[in-house]
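Based on the hints, put chain G in the right spot on chain L.
Here is what each chain is made of, one letter per residue.
Protein chains: 2
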Amino acid sequence: MVRSILSCYGPAPVALLVGPGDDAAVVEVNGRLAVSTDTLVEGADFRRAWSTGADVGVKVAAQNFADVAAMGARPLALVVSLAAPGDLRLDWARDLAAGLDDECRRAGAAIAGGDVSSADEVVVTGTALGVLDGPPILRSGARTGDVVALAGEIGRSAAGLALLGSAGSVDAALGLTASASELVRAHLAPRPAYPAGPDAARAGARALIDTSDGLLRDVGRVAAASGVRIDLDPAALTPDDDLLAAARAVGDPTLAARWVLTGGEDHALVACFAPDAGLPAAFRSIGRVLDEGQGIGRVLLGGRPWTGPDGWRHFA
Amino acid sequence: MVRSILSCYGPAPVALLVGPGDDAAVVEVNGRLAVSTDTLVEGADFRRAWSTGADVGVKVAAQNFADVAAMGARPLALVVSLAAPGDLRLDWARDLAAGLDDECRRAGAAIAGGDVSSADEVVVTGTALGVLDGPPILRSGARTGDVVALAGEIGRSAAGLALLGSAGSVDAALGLTASASELVRAHLAPRPAYPAGPDAARAGARALIDTSDGLLRDVGRVAAASGVRIDLDPAALTPDDDLLAAARAVGDPTLAARWVLTGGEDHALVACFAPDAGLPAAFRSIGRVLDEGQGIGRVLLGGRPWTGPDGWRHFA
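First to last, the protein sequences are chains L and G. For the first sequence, the numbering used here begins at 1 and goes up steadily by one. For the second sequence, the numbering used here begins at 1001 and goes up steadily by one.
So here's chain L without its partners, still in its complex pose (with noise of 0.2 Å):
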């Protein structure tokens, strides 16, 4: 099965010399490697009335990419092990492999080889490489007085999910307003900004993360690793009438501003910046860097704790 859903593929956008269908691919790298894996389970990570095969697909190199993104490095190719029920139907199957062909594509990635397996339940798990041309950004060079920086949007995968829940079913959703539909897609098939990656990466950026488990939290992650203080600028971090029109879609408008500061899956990026290094395009500055060696590893919102629900007990 492999096989004939990946012979479906055209030619690759970056040179694989060795494809599907052999023991394993081969490409070719000279000098470091980022690889990151990651799995969407179905129940936990996704369902199937509401995502096709081609969001599953879209979503899992999303995933996997937004982290290779995330050490500074350019996607390089993705396999991919789907383990599914005996009575998936072949559709689905193949709307998957379009779905990762697409979004490899986008990436400028090639898929490389995948592995199908029985299942009670679908599980899809991708293994992304990135190429790095410098040295890897990590969690941990934050340092005094950076600046902090995003590049992508947050909050609006959060967004797509509730306004999913209201409605009740995909169809419903999407027949919401166009703002209203946008959310619903970028929670079902997010489209990271890859480049944002090597891009903080040649600006010199000291630390580098993806918003995968939503900002409080990924940027506690920085602030932890790197032994700092992080302050968000409030300011920075209002969320805009697409949010505030689905917190009130959904019967509550303190939403919004959650889903900016808890809300996962957006796969943004954040990094930090020293004080005199210039903001790649793609990122805005959304806070500073505090002292180092003192309450490591939290993050405060205009220098106070944020106080909100799934706030702190994560990260803290």
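In case anyone wonders, no lab produced these hints; they're calculated from the structure. Here a beta-carbon is modelled for each residue, glycine too, at the ideal position from N, C-alpha and C. Be a bit skeptical, because a hint or two may be false.
[Unchecked claim] Covered, in the sense of this in silico footprint (three residues per stretch, anywhere, with C-beta under 8 Å from a C-beta of chain G), are these stretches of chain L: (1) 23 to 29; (2) 71 to 83; (3) 112 to 122.
[As the list claims (entries may be wrong)] Residues from chain G that keep clear of chain L, each with C-beta distances beyond 12 Å, as calculated: (4) Asp1102; (5) Gly1175; (6) Pro1195; (7) Gly1278; (8) Leu1279; (9) Pro1280.
Leaving out everything else, chain G in the frame of chain L:
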């Protein structure tokens, strides 16, 4: 949990620039990299009643490293994704990590990173990276007159599985004779001879594959990819005393020959060498590549089709 599980690893035998704990791992590679991914699913591929976490860790590493060795590559690193029920014992996950670590060290490779998520059953996906010192050895390079050679033993995993099924429990099966107990171990935690892959490549192998799905089936893949017929030598494939004893123990002496020809999961290597090439130490001749262009993909046994069960059906 990934970090706590992976933090048990000491210094790795290869230089990992960045190990588990950041967005992605980073390895140094110069040249060609083989990449393979393979999944083990509880129920279909192992039972928790029979396999310890360590067994599953060894098996997922072995299966993936055998695939990169079957391209002629040296194992470099492994990333692993574990999806598991919330009630999986932490002990089991720690054992899994220990088994992964053990087989990675045996292979001369490093655990580079991982991911943990929730699922109804245990699903473990490994992705192996291997370094090629020369061109990859594909399945498609066999030519008329080539010697077909085998490195490693075959039929042992299938024999071990039959003994387990017959004995009903691991304790009962391991309490059989010493040689039976070794067959059971070979099934639960295969330990392939990875260096035979690069050795074959250095010796000029023209085609290479690992016997993950059984000798006839995998040799059939070489025959199909190369457009040749392959004749295996029955005298070189007679079951040894261990297999004969196991077949008697499970009540069907004819099984021994069948395990050799069709038993999978041994991860031995089959290579095709030019007639004048010397075989590397680990290999012994088991057959010959016949005329190209006729009966493409057919595998014969002493010049005749094998008519036993599980035979041609899968690979003709």
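Taking the earlier hints as the rules, which of them does this structure contradict?
none
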